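Asker: Taken in order, the sequence shown gives residues -30 to -1, 1 to 389; the numbers are from mature numbering (1 follows the signal peptide of the UniProt record, and there is no 0).
Each hint should be verified, as a subset may be incorrect.
Cβ-Cβ distance ranges computed for the label pairs, FRET-style [stated by the list, open to error]:
1. Val82 to Tyr252: 33 to 43 Å
2. Asn288 to Ile38: 39 to 49 Å
3. Asp121 to Val86: 36 to 46 Å
4. Phe326 to Gln301: 16 to 26 Å
Calculated cross-link-like contacts (lysine-lysine; reagent style DSS-like; alpha-carbon spacing at most 30 Å) [as the list claims (entries may be wrong)]:
5. Lys253 to Lys61
6. Lys253 to Lys267
7. Lys292 to Lys89
8. Lys249 to Lys262
9. Lys89 to Lys249
10. Lys267 to Lys61
11. Lys61 to Lys292
12. Lys267 to Lys249
Don't read these hints as lab results, they were simulated from the structure.
These figures come from a predicted structure and were not determined experimentally.
Heads up, the beta-carbon is just placed ideally off N, CA and C, and yes, glycines get one too.
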Amino acid sequence: MASLRQLPTYPIIPIFIVILAGLPIQPAQAFNPDDLLNRPSPTGNGDVHDEIQCYALPYGAIGFASHILTYMTVICLSLGRNPLIPWVRLKNRNFNLGVSVLGFLISFPLTVVTMVKCKNTWSFILIAVWKLVLSTTLTAMSIHAGRNIIDVPKPKTLKKKARKNNKNGSRSSMSIPLTGYPHLEPPRNSYSGRNGSNSRVSSPYGSPNPYLSPTSPGYDAYSQQSHGSYFPGPPSGGQYSQLGHYQNDSDDEETYPYRYDQQSGSDDEEEQLQTAQHKMIYKHIWQDPQYKSQFRKIWLWSPLYFFGAIVGFVGVMNIVRKNIATNHQLQIVTGVFGGIVLFIIVLVVVLFLCAFGKLTISLVMGAVVGIFVLTILFALYTDWALACLVGEVVGRPSRDNAVFYWCYFAAKRLPMLSF
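Could you build the full structure based on these sequences and the hints that come with them?
Answerer: Below, the structure written as structure tokens:
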């Protein structure tokens, strides 16, 4: 099991902060799922305070914070970054896929439970459906980002496995599987020594570094070094193959980014070399523009988000329509969010009118931007609107809903653990 020293970038402290944020802030109560599901559902003809008792999802300040964290998570994933530590790049494919799926497996049934509890209040059913679509969109984006990661094995793991192969009399293959990025795949048997002959060990690239595409920074400068070693050389007197691909002697071909020979130098020197090459691999993988662009493709799931927003808009505005005349706080919140959207629309229209001088184009662009901004801000508006209706600005759940509420909140935060 890897120690914390071996995983310095793992976001241990932020993870505990996220977990603590999802803990109930009120004393634990006895919980019986049967009693909760069998409790009579609101009829939909009563007061909003009675109707919202069936709603077991975050709202108010807690819901607002949840949506902000969700937006931040999506932005970081689209950049291939760790949502909790944005300056760290995503490197762990399987773990990230696992937390994404786990989060959805938890949030999905909890949302369905809310829909069942609110079966007689169609407005809250629509809001729950909207939240379900949002969870699905976040999960799809997280999985999409996770599948793009090139997961390079850790040096110490490679060392142990290579030693085992050497004892069995086999040689390790030395390529990283780069499915979907053929221009990054190291050429097979492409090693050549400085004298032009093939060499089994200590052989630098005889061609430009395959981890740099022709459009990558530094490609031209490197291509001028016909036989220069791009990665650090082997320890003095040791035998250590450079990064690339070496054909295995046996029928079973393993894939590694490194090759380890038992005849190499000291363990410390070999570990330092492996660590340096491991960092170099990621550095040049991330310099490739095509690889980085794959993460931005998670925005292709955005139409699913907009579809859910339309469903939620119908449910929320039905509730607002019934209560805005008598609720002063709701009037203020609606005015603030409406004013922000209107200001952005007017600003876009004026800017396009000044730039192109055509009113039609300006109005069309203003409408497009207005719809986009409204869709993004509507989730935040819903949180505060429900808080105003209930009179609970923080959005603390009732005793009956606390378990579902906080479990859902924690499940939505799991994609933030991607690293």
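Asker: Verify the CB-CB distance for Asp121 and Val86 against the hinted window 36 to 46 Å.
Answerer: About 40 Å separates the Cβ atoms of Asp121 and Val86, which means 36 to 46 Å holds.
Asker: When you take the CB atoms of Val82 and Tyr252, is the distance between them in 33 to 43 Å?
Answerer: Roughly 40 Å apart at Cβ, these two residues keep to the hinted range, so it holds.
Asker: Take a quick look at whether Lys61 and Lys292 sit within 30 Å of each other, Cα to Cα.
Answerer: Measuring from Cα to Cα gives roughly 50 Å; hence the hint is violated.
Asker: Run the distance test for Lys267 versus Lys249: straight-line Cα separation, threshold 30 Å.
Answerer: Status holds; Cα separation ~25 Å.
Asker: Can you confirm whether the C-alpha distance between Lys89 and Lys249 stays at or below 30 Å?
Answerer: 54 Å, violated
Asker: For Lys292 and Lys89, compute the direct alpha-carbon distance and say whether it is at most 30 Å.
Answerer: The given pair, whose Cα atoms are some 19 Å apart, holds under the 30 Å limit.
Asker: Given the hinted pair Lys253 and Lys61, is their Cα-Cα distance within 30 Å?
Answerer: 12 Å, holds
Asker: Please work out if Lys267 and Lys61 have their alpha carbons no farther apart than 30 Å.
Answerer: 18 Å, holds
Asker: Quick one, are Lys253 and Lys267 close enough, alpha carbons at most 30 Å?
Answerer: Holds - the C-alpha atoms of Lys267 and Lys253 are around 21 Å apart, at most 30 Å.
Asker: Is 16 to 26 Å respected by the C-beta to C-beta distance linking Phe326 and Gln301?
Answerer: 37 Å, violated
Asker: Okay, Asn288 versus Ile38 on CB: inside 39 to 49 Å?
Answerer: 25 Å, violated
Asker: For Lys249 and Lys262, compute the direct alpha-carbon distance and say whether it is at most 30 Å.
Answerer: Holds, because 17 Å separates the two Cα atoms, which is no more than 30 Å.
Checked against the numbered hints listed earlier, the structure breaks hints 2, 4, 9 and 11; every other hint is satisfied.
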